[in-house]
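> The lines below spell out each chain.
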Amino acid sequence: MNPNTAKETYLDAMGAAEKGLAGAPSWLRELRRSGAARFAEAGFPTTRDEAWKYTDVTPIVQAGFQSVAKGANGVDPARLDGFWFENLPSHRLVFVNGHYSEKLSTPGAWPEGVTVMSLAEALRDQAHRIEPYLGRCVPEKAHGFAALNTALFADGAFIHLGRGARLTWPIHLLYVTTGAGEPLLSQPRNLVVAEEDSQAVLIENYVAIGESVYFTNALTEVVVGPHALIEHYRLQEEGAQAFHIGGLHAHLDRDGRFTAHGIDLGGRLVRNDLRSVLDAEGAECQMNGLYVLGGRQHVDNHTHIDHAKPRGTSREFYKGVLDGRSRAVFHGRVIVRPDAQHTDAQQVNNNLLLSRDAEADTKPQLEIYADDVKCAHGATVGQLDPDALFYLRSRAVDETAARDLLTYAFARDVLSRLRLEPVRSQLERHLAAKLRVAALPQTQEVF
Amino acid sequence: MPTSAQQLDTLLKREYKAGFVTDVETDAVPPGLNEDVIRLISAKKNEPEFMREWRLKAYRHWLTMTTPAWAHVHYPPIDYQAIVYYSAPKAGKDGPRSLDEVDPKLLETYEKLGIPLKERALLAGVAVDAVFDSVSVATTFREKLGSLGIIFCSFSEAVQNHPELVQKYLGSVVPYTDNFYATLNSAVFSDGSFVYVPKGVRCPMELSTYFRINASKTGQFERTLIIADEGAYVSYLEGCSAPMRDENQLHAAVVELVALKDAQIKYSTVQNWYPGDAQGRGGIYNFVTKRGACRGPNARISWTQVETGSAITWKYPSVILEGDNSVGEFYSVAVTNNFQQADTGTKMIHIGKNTKSTIISKGIAAGRGSNAYRGLVKILKGAENARNYTQCDSLLMGDKCSAHTFPYIEVKNPTARVEHEATTSKISDDQLFYLQSRGLSTEDAVSMVVNGFCKAVFKELPMEFAVEAQKLLGVSLEGAIG
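Protein chains in written order, with my numbering: chain P, 6 to 452; chain U, 5 to 486.
The hints are simulated quantities; they were obtained by calculation from the structure and are not laboratory data. Careful: at least some of the hints might be erroneous.
[As the list claims (entries may be wrong)] Listed next, the in silico PhoX-like pairs over lysine-lysine satisfying Cα-Cα at most 25 Å (straight line):
#1 172(U) <-> 61(U)
#2 357(U) <-> 203(U)
#3 58(P) <-> 385(U)
#4 172(U) <-> 203(U)
#5 360(U) <-> 265(U)
#6 404(U) <-> 379(P)
#7 463(U) <-> 351(U)
#8 58(P) <-> 351(U)
#9 49(U) <-> 172(U)
#10 12(P) <-> 146(P)
#11 430(U) <-> 379(P)
#12 475(U) <-> 430(U)
#13 379(P) <-> 459(U)
#14 48(U) <-> 172(U)
I would like the entire structure built from these sequences, with the hints used as guidance.
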């Protein structure tokens, strides 16, 4: 399908969807319309767009992915057992091909002041609670995929934490795509609103059952209220043939804290846009990322931290291991606005190239309009330290094992920053298996 | 100061009777750009056919291009049809006739920098041809260089006398299709410098445009080509450390360096064009394309720049590391004060094995200045064991200025080691307090900290230049603190 036909097809779908919105509140119709208008204007990004210079989305455009109506596929709950973390009690919500599945979900009991439900349902029954937030964190000039999500998303999670509400268990959102003949498009949209002083841990987990070509175009908005604390895990383990475009847009209020961990292990072509606006004094944002790639995988992480107000702190720590013909792109943009004095921003991106055909493109970018700030970034691309290799070999570790061990240690650096022990240890085991080394015993947390 | 100005004045008045004004009149073309203007420029310079055709090819290509908008600078669109593309000595009748007519601010600056009087007049654009014997100065040096086989002349002379070298190397590093401003330059360039250092010759002195006085007013569209043949060495100084009185809005120069096997080129610039006044009015748009190619093994190209002038600087001196073991270096200090904007940096393209590059960039933003580092480090597949180290630091003075870093790193070879570090901060209060508690004034303390910040770059400059650059920094940042 050529880009114009693909665009037309989606625009037609938007036109059709608008007819179905007759009974919806006017603000929602307006939001959908603005998404459609932005998509019509921006279309699909090309490598001529600076932000997409290294990532070519032609295969996504050509495949002509279509969303499916609800309940197209029945999934046996037993098939999901392997996706849950051992020893981690959690509120479990399952989405199949972009739609909430009540049958598969085990949300459990919610404490006072916490509302968690399907976004589609919330839009039907409690639209007034969503109106003040939905679409507000996404910038007006967002790229075509974000607009596509806004115009056509079907479902997702709506999480509302009332003032002072605290969750003991993490919320585990599992997005499953099931193999079907058709090139499938699933567009989850999540909205998280954390009121003053609330706390929660969220896990967004993207997986597949069966091998198929599909496209996930996800978008999550997180509104972090004053003194609220949100820790967000995004574990992307899509199928080997999958395309994944994910957006995570956070807005932080006074002394709000937002931590985003992004682990990319799956997918064929993956692009993540993380954006965090520190819009009041004393806000704090952390972004940790790890990508371990092989084959022909392509993973692109674009992070954007906007220090809009004074005394904000941000820490970014991204690491990648690239094997085979894989390619990783990292673009870390930090903006310090004229007002944002006493900002402290740090960013690190390290890439390890294991193969002759792997490629890393990294672009740390600082834009600073205030003077009393501390900002630093560092980026490296290289191979394993020959001295460290020599050290291990001189202690009778064979070369392959030594390489695997050092690679594992390099990547584990990021995992050690994950606060949830069961998630951390499972990912470490996963990583160790991938790199053929025995997982190291648990060490002290970094925090 | 008054006495020396008077002395000069008398000199000027005496010599001025010679009246070269008519000469200038005949040597200008009407504003605007079309193929006829290019043919006219080419004809006036009596150029061979290949040159004319090259210019026309560039012009036709330029028509298909649009102004680049990616740089972090803002300026009103330039009317390319309003520019006069060829006017030989610019310091003609429009220029001041004596130092008395020159902006006193400018003279004050010369005083501070300790520029020799003769040089001051030259820099201010006063008609100096008659003031001192430029011809003899130029010839002395040329004879000495000529005995070693070194060719050092204006670009126009090179086109006349060494067309084979020009044809072989012109556009081989910066092709006429390269970018909007380079293409424009290729079509209309007026003059510039040409250097050829033959095999195994080490150029015994620092070459600079200052010594080649006859071509120092080449103005807007300068084109420089430097070739170091196998095993040769040359150090070239561009520009002057004092502000040039030049009202031209657009400067689009091109510099090409070619270093063959075992050759080394060191290119130093201290750029201090007119930056506009404190309100941001006027000033030069300095849109320059500079690139060097290490064509053979063990070649080495080093760029050192101190950028303090111009309203807008848009400049990325780059090195293409083709030969194995070749080395590229970039040392830069960029200062923006008042309303100045700078978007500068480098590109290091690693193609050969064991190629190395070092990038040290120091940006200082004061007033409402905007200072951006933009760089690319590209390691191609065949560049085994390539090595890059990049450090770009920014210093902020005042809460209205801004500093940005846009580094691009692309690595396609696993044996490469690429490191990039950047920091941005303001001058530390602790450092200032320490210095002031030892009796230094605020100004001196700031100046000391700033010079320390830039030391890694200044030590790469030839000695006399380094001293002037330090003074210049002080002048540029005057009034930024306190």
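> Does each hint hold? Answer for all of them.
Results of checking the hints against the structure:
{"no.": "1", "hint": "172(U) <-> 61(U)", "in the structure": "holds, 17 Å"}
{"no.": "2", "hint": "357(U) <-> 203(U)", "in the structure": "holds, 24 Å"}
{"no.": "3", "hint": "58(P) <-> 385(U)", "in the structure": "holds, 19 Å"}
{"no.": "4", "hint": "172(U) <-> 203(U)", "in the structure": "holds, 16 Å"}
{"no.": "5", "hint": "360(U) <-> 265(U)", "in the structure": "holds, 15 Å"}
{"no.": "6", "hint": "404(U) <-> 379(P)", "in the structure": "holds, 16 Å"}
{"no.": "7", "hint": "463(U) <-> 351(U)", "in the structure": "holds, 22 Å"}
{"no.": "8", "hint": "58(P) <-> 351(U)", "in the structure": "holds, 17 Å"}
{"no.": "9", "hint": "49(U) <-> 172(U)", "in the structure": "holds, 19 Å"}
{"no.": "10", "hint": "12(P) <-> 146(P)", "in the structure": "holds, 18 Å"}
{"no.": "11", "hint": "430(U) <-> 379(P)", "in the structure": "holds, 8 Å"}
{"no.": "12", "hint": "475(U) <-> 430(U)", "in the structure": "holds, 21 Å"}
{"no.": "13", "hint": "379(P) <-> 459(U)", "in the structure": "holds, 21 Å"}
{"no.": "14", "hint": "48(U) <-> 172(U)", "in the structure": "holds, 23 Å"}
Going through the hint list in order, the structure satisfies each hint without exception.
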